[in-house]
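Following the hints, complete the assembly by docking chain B onto the known chain A.
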Amino acid sequence: ETGVTQTPRHLVMGMTNKKSLKCEQHLGHNAMYWYKQSAKKPLELMFVYNFKEQTENNSVPSRFSPECPNSSHLFLHLHTLQPEDSALYLCASSQLGTSGGIRELFFGEGSRLTVL
Amino acid sequence: GEDVEQSLFLSVREGDSSVINCTYTDSSSTYLYWYKQEPGAGLQLLTYIFSNMDMKQDQRLTVLLNKKDKHLSLRIADTQTGDSAIYFCAERDASKIIFGSGTRLSIRP
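Protein chains in written order, with our numbering: chain A, 1 to 116; chain B, 1 to 109.
Okay, chain B solo, but in the shape it has when bound:
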């Protein structure tokens, strides 16, 4: 069955880069996503990548996809306090999206 795994916590210093990693099992996934959830809010789509791409960059965000290893990562450059949130990796499975458990990113001064 489908499974998306990611580490639960990450702590980085303000101004450093954050790298959140994720592994997935469904090799036929055509879309892979990163969602962000701020405290007390729902999930918001940050970015997504097609499975035929290796990398996607959007301002401070860089997504890397290694299809061979089924590994997805999200890099946030120059991490700010406003980046504190839970980041969910997800893969598309036909008509539904399967989420990982989320990585809680905390920023220290």
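Bound conformation, chain A alone:
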């Protein structure tokens, strides 16, 4: 148990569906992240939230829409995805220092997404 819980663990969706991935951290951290892991690019950072504010968006297509209602919860809303979006989506959290520096990341077990 890493203290970061992701649901669902597996998701199959069609290209016209709308679904959401959920992440919850029980570690009292102030930053949360979405990573995409696929065979083509093993670990791509998608979004960073620092104290609920989005601080990084790595040129992610708008069909991925993150939401961070509080520092413990992070969502990734999915709509009109493409088959190439099939991947393992990993959520992580960390405690940023007063200068904004990161120490280490704690990962959830991931949500395996298949787009048909």
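The hints are simulated quantities; they were obtained by calculation from the structure and are not laboratory data. All residues carry an ideal CB built from backbone N, CA and C; glycine is no exception. Careful, some of the hints might be misleading.
[To be verified] Cβ-Cβ distance ranges computed for the label pairs, FRET-style:
| no. | chain 1 | residue 1 | chain 2 | residue 2 | range |
| --- | --- | --- | --- | --- | --- |
| 1 | B | ASN66 | A | SER99 | 36 to 44 Å |
| 2 | B | LYS68 | A | VAL12 | 46 to 54 Å |
| 3 | B | GLN80 | A | GLY14 | 20 to 28 Å |
| 4 | B | GLU38 | A | PRO61 | 27 to 35 Å |
| 5 | B | SER7 | A | GLU104 | 19 to 27 Å |
| 6 | A | GLY14 | B | ARG13 | 43 to 51 Å |
| 7 | B | ARG60 | A | HIS79 | 40 to 48 Å |
| 8 | B | GLU38 | A | ARG63 | 28 to 36 Å |
| 9 | A | GLY14 | B | LYS56 | 45 to 53 Å |
| 10 | A | GLY28 | B | ARG60 | 40 to 48 Å |
| 11 | A | LYS22 | B | ALA94 | 23 to 31 Å |
| 12 | B | LYS56 | A | THR80 | 41 to 49 Å |
| 13 | A | ARG103 | B | GLU38 | 42 to 50 Å |
| 14 | B | GLU5 | A | SER99 | 39 to 47 Å |
Below, chain B without anything else, positioned relative to chain A:
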């Protein structure tokens, strides 16, 4: 920009030592990490080293850091079947961590 590189595959015999190598580009990195990912799971921090250290040992794991060459290695002594996983090297860049592509370690009997 930041870049972390490592070889994709390593195969070792059970009981031998495994050495996984990594190079990075950001000379200002203060922390360097090794994460492990077992099948069907997320990444788990194995160990990390501060940039002002040359070596860190933790049971069967030894991390060596050569700052001049920007080279990091992870040595696993007495490799066991349970060590089969993907090992990611990573460096800290302010508020984010940059990962390499991962080295898949397989163990043969």
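(request) For GLY28(A) and ARG60(B), compare the CB-CB distance with the range 40 to 48 Å and indicate the outcome. (result) violated (31 Å)
(request) Take the C-beta atom of GLU38(B) and the C-beta atom of PRO61(A), compute their distance, and say whether it sits inside 27 to 35 Å. (result) holds (30 Å)
(message) Within 46 to 54 Å: is that where the Cβ-Cβ distance between LYS68(B) and VAL12(A) falls?
(response) holds (49 Å)
(request) Given the range 40 to 48 Å, decide if the beta-carbon distance of ARG60(B) to HIS79(A) lies inside it. (result) holds (46 Å)
(message) Between the beta carbons of ARG103(A) and GLU38(B), is the distance compatible with 42 to 50 Å?
(response) violated (23 Å)
(request) Given the range 19 to 27 Å, decide if the beta-carbon distance of SER7(B) to GLU104(A) lies inside it. (result) Check passed, 24 Å falls within 19 to 27 Å.
(message) The hint says 23 to 31 Å between LYS22(A) and ALA94(B); measuring C-beta to C-beta, is that right?
(response) holds (27 Å)
(request) Using the Cβ atoms, figure out if GLY14(A) sits within 43 to 51 Å of ARG13(B). (result) holds (46 Å)
(request) Starting from the hint 39 to 47 Å, judge whether the C-beta atoms of GLU5(B) and SER99(A) obey it. (result) violated (28 Å)
(request) Could you tell me whether the CB distance from GLU38(B) to ARG63(A) stays inside 28 to 36 Å? (result) holds (30 Å)
(message) Holds or violated: the 41 to 49 Å window for the beta-carbon distance between LYS56(B) and THR80(A)?
(response) Once the Cβ atoms are compared, 47 Å apart, the range 41 to 49 Å for THR80(A) and LYS56(B) holds.
(request) Kindly confirm whether 45 to 53 Å is satisfied by the beta carbon distance between GLY14(A) and LYS56(B). (result) holds (48 Å)
In this structure, the earlier hints numbered 1, 3, 10, 13, 14 are contradicted, and the remaining ones agree with it.
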